[in-house]
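Peer 1: Required output: the full structure, derived from the provided sequences and hints.
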Amino acid sequence: MAGKLAFIDYLVLAAYLIGTVALGLAIGRRIRTGRDYFLAGKSLPWWAVGMSLVATDIGGTDIIGVGGAAYSHGLAVGNFEWIGCVPAMIVGAFVFIPIFWKLGIYTIPEYMEQRFNVGVRTALAVTWLIFMACNLGIMLYASAKMMNVLFGWNEPACVFITAALVGVYTLAGGLAAVVYTDVIQCAVMIGGCLLALFIGIADLGGVDGMLESIRAVEANKGLPEGRMTELILPADADTPFPWTGILFGLALILSPAYWIGNQAIVQRSLGAKSEFAAKASYIWGALLKNLIPVIVAIPGLIALAKFPELGDGDKAFPTLVAELFPAGLRGLFLAAFIAALMSSVDSYLNASATIVTNDFYKRFFRPEADDASLLTIGRIVTAALLAWAIGFAFVIARIEGMGIYAIFQTLMAFFQGPALALILTGLLWKRANGKGAFVGFIGGVCFSVLLYALSQEGVYTSLGLQPLFKVPDPFLFYSIWAFVVALALIAVVSLSNPPESDEKLKHVVWHFRKGGKS
Amino acid sequence: MTPLHHIGEFFRNVTVAIPLGVVRAIFLALLVGLLIWVLRLPDAETTPADGSGKATENLKLWAGLALAAQILIYSLV
Numbered sequence: 000m001a002g003k004l005a006f007i008d009y010l011v012l013a014a015y016l017i018g019t020v021a022l023g024l025a026i027g028r029r030i031r032t033g034r035d036y037f038l039a040g041k042s043l044p045w046w047a048v049g050m051s052l053v054a055t056d057i058g059g060t061d062i063i064g065v066g067g068a069a070y071s072h073g074l075a076v077g078n079f080e081w082i083g084c085v086p087a088m089i090v091g092a093f094v095f096i097p098i099f100w101k102l103g104i105y106t107i108p109e110y111m112e113q114r115f116n117v118g119v120r121t122a123l124a125v126t127w128l129i130f131m132a133c134n135l136g137i138m139l140y141a142s143a144k145m146m147n148v149l150f151g152w153n154e155p156a157c158v159f160i161t162a163a164l165v166g167v168y169t170l171a172g173g174l175a176a177v178v179y180t181d182v183i184q185c186a187v188m189i190g191g192c193l194l195a196l197f198i199g200i201a202d203l204g205g206v207d208g209m210l211e212s213i214r215a216v217e218a219n220k221g222l223p224e225g226r227m228t229e230l231i232l233p234a235d236a237d238t239p240f241p242w243t244g245i246l247f248g249l250a251l252i253l254s255p256a257y258w259i260g261n262q263a264i265v266q267r268s269l270g271a272k273s274e275f276a277a278k279a280s281y282i283w284g285a286l287l288k289n290l291i292p293v294i295v296a297i298p299g300l301i302a303l304a305k306f307p308e309l310g311d312g313d314k315a316f317p318t319l320v321a322e323l324f325p326a327g328l329r330g331l332f333l334a335a336f337i338a339a340l341m342s343s344v345d346s347y348l349n350a351s352a353t354i355v356t357n358d359f360y361k362r363f364f365r366p367e368a369d370d371a372s373l374l375t376i377g378r379i380v381t382a383a384l385l386a387w388a389i390g391f392a393f394v395i396a397r398i399e400g401m402g403i404y405a406i407f408q409t410l411m412a413f414f415q416g417p418a419l420a421l422i423l424t425g426l427l428w429k430r431a432n433g434k435g436a437f438v439g440f441i442g443g444v445c446f447s448v449l450l451y452a453l454s455q456e457g458v459y460t461s462l463g464l465q466p467l468f469k470v471p472d473p474f475l476f477y478s479i480w481a482f483v484v485a486l487a488l489i490a491v492v493s494l495s496n497p498p499e500s501d502e503k504l505k506h507v508v509w510h511f512r513k514g515g516k517s
Numbered sequence: 000m001t002p003l004h005h006i007g008e009f010f011r012n013v014t015v016a017i018p019l020g021v022v023r024a025i026f027l028a029l030l031v032g033l034l035i036w037v038l039r040l041p042d043a044e045t046t047p048a049d050g051s052g053k054a055t056e057n058l059k060l061w062a063g064l065a066l067a068a069q070i071l072i073y074s075l076v
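In order, the protein sequence lines correspond to chains U and F.
If you're matching positions, the first sequence starts at 0 in numbering that gives the first Met the number 0 and goes up one per residue.
If you're matching positions, the second sequence starts at 0 in numbering that gives the first Met the number 0 and goes up one per residue.
Derived by calculation from the structure, the hints in this document are not laboratory data.
This structure is a prediction, so every number in the text was calculated from the model and none was measured.
Be careful, since some hints might not be right.
Below, in silico cross-link-like pairs of lysine-lysine (DSSO-like), each with a Cα-Cα straight-line distance of 27 Å or less [said to hold, decoys possible]: (1) K41/U with K59/F; (2) K101/U with K59/F; (3) K272/U with K361/U.
Peer 2: Pasting the structure below:
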């Protein structure tokens, strides 16, 4: 695609970037306190939060990656945006988010201290911080690498420019800037991908023409007819997305853990202007989510129909755009890609800064810190995290041969299951106590690491064992078993120790929400 | 073979034996069950405290729409 970009494409991209940064800076002028910075002063409307949820969830590499996965594995990747998002968002909207919003908390670890104890809060905060801080570097690096391959841009320059653009408005405007710029980014992203969908389908002679071409590709590759357009794949299919992993790992574990426990996601709903707005934002996000696989995964299938010999799935979306889009519209796709990247980086940056400031600085070092000083600290931490992310991006670039990128992608599956067990038992089971929660969380994480180790070829061959999982990239299955083990440990240890007092649980457990008694 | 291998093999054999038609029914049952739960929620939990009482202000409608789209997708694809 590098040679296909015209001056007008760069003009479209420049207009988008200038507009986004200007909006973020304008919002930054209104920020006065830490509450403004971390929770947007609890003033955000539902429509903005909903679009921000979707934009944050879809990163730049996701647009290319989901299209690429659809190209390689078929429409089953759409499960990640459909059953892997919508049900969890709706349950989150009516059960979990209202309780978090009413408590006035800044972070999910903060809820854990109110419900359990400071040990659980700190364990979860450390885990999330390590993951998010590393993920910031990974996102910068992976996107820069992708921009280098797709557009021929210099990798280090991409890292610095992306970090600078995102850093300027996130540093200035905090959560409000992140959410309102996400609105633009969401609109640009959906617009750019919709164009790819319409132009691609028209080029293939409509939906029937597209399906006919895909059937021909399936026949050529010796795949069962319909395999590339099926959502539900057999449990023993040679794919990372068999139905067992999708239902038990994704829909029931990873998705709820992400939508109700990921600080970068939940934080924007905590900044909603009312409890109703917080709920409505998740419902609006769920409605939008129904559209995402159509505009991101189906272009991958269009590319499969049109260019079946590409080899690398990640080339699918860019090749489609390079071959079918006229000048100017290619710039819009480029803006959509950069928008998706920026909307994820800004959210993780702001969420990491919120955890450092509230769960470490304020909790352990200056509990008496006033709201104005927390704003200053928040901005310093944001700048420090940005510097860290840039540095870590260059470290990854040097050691990528060790597979560190893949390791960090799997890391999320390690602790999402145990984190979900904490939230579910915390909110829904009043008998769960701090000791049980702490042991369950740590035990669950350790168990998923054990499963990961036993799935590595070097480990299982040296032990004379068979691989533990038979599907490629079995990260969905780590989360299932880590969740089950964490839940079992929480139950056993909690029942072996005294319960928490009703007074402590009054506002933090679903049972007491309507004045229920023990 | 470790105990983990035996447990994994057992679950794998059980799930492989389930026909895909039944699997699709399980996916749909999950979504339909959720839709019923949403529609049965008290209005106080799905409408704004200071709302005008219009049906479009009730989140049941929009959550129901999102789930209906899911049911349609998993029925057809």
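Peer 1: Hints first: check each against the structure and report whether it holds.
Peer 2: Structure-based check of all given hints:
1. A C-alpha spacing of about 24 Å is found between K41/U and K59/F, which places the hinted pair at or below 27 Å, so the restraint holds.
2. This hinted pair checks out: K101/U and K59/F have alpha carbons roughly 21 Å apart, not beyond 27 Å.
3. Restraint check for K272/U and K361/U: satisfied, since their Cα atoms lie roughly 24 Å apart, inside the 27 Å limit.
In this structure, none of the earlier numbered hints is contradicted; all agree with it.
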